[in-house]
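Chemist: The chain contents come next:
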Amino acid sequence: MKLLSRPDELRQALGPLAIFAILLALISVAVPEFLGGGGPSIIAQQATPILLVALGQCVVLCIGSIDLSNAAIALFASILAALTLGPLGAAAPVFCLIVVTLIGVANGLVLVYTQIPSFALTLGTLGVMQAASLVVTGSNVVYVMDNMDVVGWLFTVQILTLPVAFWIAVVLAAALWAFLRFTVPGQGLMAIGFNERAAGLSGQPVNALKVLAFGLSGFFAGLAGLCVISISGAASSIGLGSDLLVPSIAAALVGGTAITGGVCNPLNVVFGAMFVALIPVGSAAVGVNPQAQSIVYGVVLIVAVAATMSRARHGIVK
Amino acid sequence: MTSLSETGSGGAARRRGLAARAGLAELAILLALVAIFSVLNPHAFPTLTNLNTILNNAAIPIVIGVGASLVVLTGRIDLSVEGVMGAAGMAFVLLSANSRETADIGWLAYPAALAVGAVLGGTTGAIHALAKVPSFIVSLGMWYVGLGIAAVLFGYEMIPFLGNEAAVAWPTATPLGLPNSFVLALVVVGLGWLIERYTRLGRYAYAIGNNESVARMTGIPVAGFVVAIFAFAGACSALAGVMGSLALGAGSATVGVGMLFLTLAAIVIGGTPLGGGRGGALRTVTGVLILSTLYNGLILVGVDPSIQSGVSGVVLVAAVIAAGWSQRARLRVFK
Numbered sequence: 001m002k003l004l005s006r007p008d009e010l011r012q013a014l015g016p017l018a019i020f021a022i023l024l025a026l027i028s029v030a031v032p033e034f035l036g037g038g039g040p041s042i043i044a045q046q047a048t049p050i051l052l053v054a055l056g057q058c059v060v061l062c063i064g065s066i067d068l069s070n071a072a073i074a075l076f077a078s079i080l081a082a083l084t085l086g087p088l089g090a091a092a093p094v095f096c097l098i099v100v101t102l103i104g105v106a107n108g109l110v111l112v113y114t115q116i117p118s119f120a121l122t123l124g125t126l127g128v129m130q131a132a133s134l135v136v137t138g139s140n141v142v143y144v145m146d147n148m149d150v151v152g153w154l155f156t157v158q159i160l161t162l163p164v165a166f167w168i169a170v171v172l173a174a175a176l177w178a179f180l181r182f183t184v185p186g187q188g189l190m191a192i193g194f195n196e197r198a199a200g201l202s203g204q205p206v207n208a209l210k211v212l213a214f215g216l217s218g219f220f221a222g223l224a225g226l227c228v229i230s231i232s233g234a235a236s237s238i239g240l241g242s243d244l245l246v247p248s249i250a251a252a253l254v255g256g257t258a259i260t261g262g263v264c265n266p267l268n269v270v271f272g273a274m275f276v277a278l279i280p281v282g283s284a285a286v287g288v289n290p291q292a293q294s295i296v297y298g299v300v301l302i303v304a305v306a307a308t309m310s311r312a313r314h315g316i317v318k
Numbered sequence: 001m002t003s004l005s006e007t008g009s010g011g012a013a014r015r016r017g018l019a020a021r022a023g024l025a026e027l028a029i030l031l032a033l034v035a036i037f038s039v040l041n042p043h044a045f046p047t048l049t050n051l052n053t054i055l056n057n058a059a060i061p062i063v064i065g066v067g068a069s070l071v072v073l074t075g076r077i078d079l080s081v082e083g084v085m086g087a088a089g090m091a092f093v094l095l096s097a098n099s100r101e102t103a104d105i106g107w108l109a110y111p112a113a114l115a116v117g118a119v120l121g122g123t124t125g126a127i128h129a130l131a132k133v134p135s136f137i138v139s140l141g142m143w144y145v146g147l148g149i150a151a152v153l154f155g156y157e158m159i160p161f162l163g164n165e166a167a168v169a170w171p172t173a174t175p176l177g178l179p180n181s182f183v184l185a186l187v188v189v190g191l192g193w194l195i196e197r198y199t200r201l202g203r204y205a206y207a208i209g210n211n212e213s214v215a216r217m218t219g220i221p222v223a224g225f226v227v228a229i230f231a232f233a234g235a236c237s238a239l240a241g242v243m244g245s246l247a248l249g250a251g252s253a254t255v256g257v258g259m260l261f262l263t264l265a266a267i268v269i270g271g272t273p274l275g276g277g278r279g280g281a282l283r284t285v286t287g288v289l290i291l292s293t294l295y296n297g298l299i300l301v302g303v304d305p306s307i308q309s310g311v312s313g314v315v316l317v318a319a320v321i322a323a324g325w326s327q328r329a330r331l332r333v334f335k
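Here the protein sequences line up with chains Y and C, keeping their order. Counting in the working numbering, the first sequence runs from 1 upward without gaps. Counting in the working numbering, the second sequence runs from 1 upward without gaps.
Where hints are given, some of them may not hold.
[Stated by the list, open to error] Short derived list, chain Y residues pointing at chain C, Cβ under 7 angstroms: (1) G64; (2) G124; (3) V128; (4) L134; (5) T137; (6) E196; (7) R197; (8) A292.
[Stated by the list, open to error] Stretches of chain C that chain Y covers, calculated by requiring three or more beta carbons in the stretch to come under 8 angstroms of a beta carbon on chain Y: (9) 123 to 132; (10) 316 to 325.
[Claimed, not checked] Partial pick of chain C residues on the chain Y-facing surface, computed with a CB cut under 7 angstroms: (11) Y144; (12) V145; (13) L147; (14) G148; (15) V303; (16) S306; (17) S312; (18) K335.
These are calculated hints, taken from the structure and not from any lab test. Even glycine gets a Cβ: it sits at the ideal position worked out from N, Cα and C.
Required output: the full structure, derived from the provided sequences and hints.
Modeler: In structure tokens, the structure reads:
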């Protein structure tokens, strides 16, 4: 295996880590107490749901599709968890994960059966999930009444000063990396992203793999939903977790995932998610007016993706 | 340049025939919706007042859709709509007579706001085309930049209310029988149609969307035209921001909230595929009218407003499935 033989590959492999390190260094210089205080723990807490949604997204991006609905699915999972933790107890998280994984699988099945663009399909699913969240909650906030300890430990227990949920997400990212790199279905997913027709002609079960990708997206969204409920203890259609879509796509792209498919490294998505969570802290640290933070967010996003994306394969960028 | 679309083989002609039929299908859906809601609610739905409500609600997404359709025709996407609306809308309010008394440059506030949109859109296009970053991510970033500019302009002071009452009343007035906002939208659609049909900007948009490699090889300066198209889309979003501010009678950074997904859904429902190369502004008008008729009709029938997003989602998917059903095939590449 020829690794890092070209500057482009080097940038792709280390770019996300580098820009995260640069941003962290900038903040540490501007606000020295950030690292010593609770800073890293807060960043890890904010980055965890973003990372989990982004991991699902990067699998879908890997096959050249996009899932605009997975953040809404995450929010729906948190609402479902808030409603079922009381009656079901420890079985509630399993129930939620099964339901949202099936929603993801349904996305995939409709996609491969009707062959419509994933952008349009998941835009539709996004609307349906938003409506479902509103209807299930009756447009109210749902509080977890009982059995909060089933999910509470995710963010109260800490390892090396960071919440255990963050470490679980990192382990899952590593597992996903290994899956994509060393298993037959994983390599099949990458092959679809590189050249779908070639993958099909060489006998890859393209349709089944696409359903798998969307199922994984739903599953990871469910995990993110459990994190949201663990952090806040309540869920609503406009509450914590309702704005995960853009940060998670940004995290996947800053993590070097190509929006055109075939290029995906879940380990780098970890740095992408931490980078995205750091941007608001960073812009506040260097003294940006709070109202201008959104400008910084937008500009940094464009610059970060421009710096980390691979241009080797694409003559035409759309 | 009109010959560009005539030079195709029989396959191209057949596709054009299919496209024309598909356009009629969308119109049929719209008429069917009108008929269904008229039967379900004969007292409130088929009235002139309600027609004007629907058309007034449709005006802003139609204006956005003219520019956004042109971008989608090239196979690109512009996600910055809501940010550009906020920035241009705030710029317009602060440059007009308003309760904060920031500045009043009279009618020049309109071209100034459009210029804000064109510059933001042009910047998106330039970064995308020159730095070779996907338009998805550049326009996503520009969405936030626009919202940030709007928030900075809004500042920490009181809400700036527009002072010119005649201007605030203008969009919903009906001197021509239809709301002025919709008449303005039709003018913009006419402009968009002329651009698509008779100018290089429009013809090249189709050519780029159809096959960008071929477009490049024939010597079309793709980058330059892409920048111009994004600038035009920015100006359209800016006009929508001005119209939104007039409707509110005040400046707001979130004047465009909800407009992005509505417009994208309308473009796709209307029959412009996200891959580009086919469709256009006229089709987007049908798409917007389908969605705004549906929203309006469902509310009048008494359906819970909270399921609206779900209904538009289902309609979107159903429309796309119907449009693409005949093209399904084994080993077909679909993303």
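Chemist: List, from low to high, the hint numbers that the structure doesn't satisfy.
Modeler: The structure conflicts with hints 5, 15, although it agrees with all the remaining ones.
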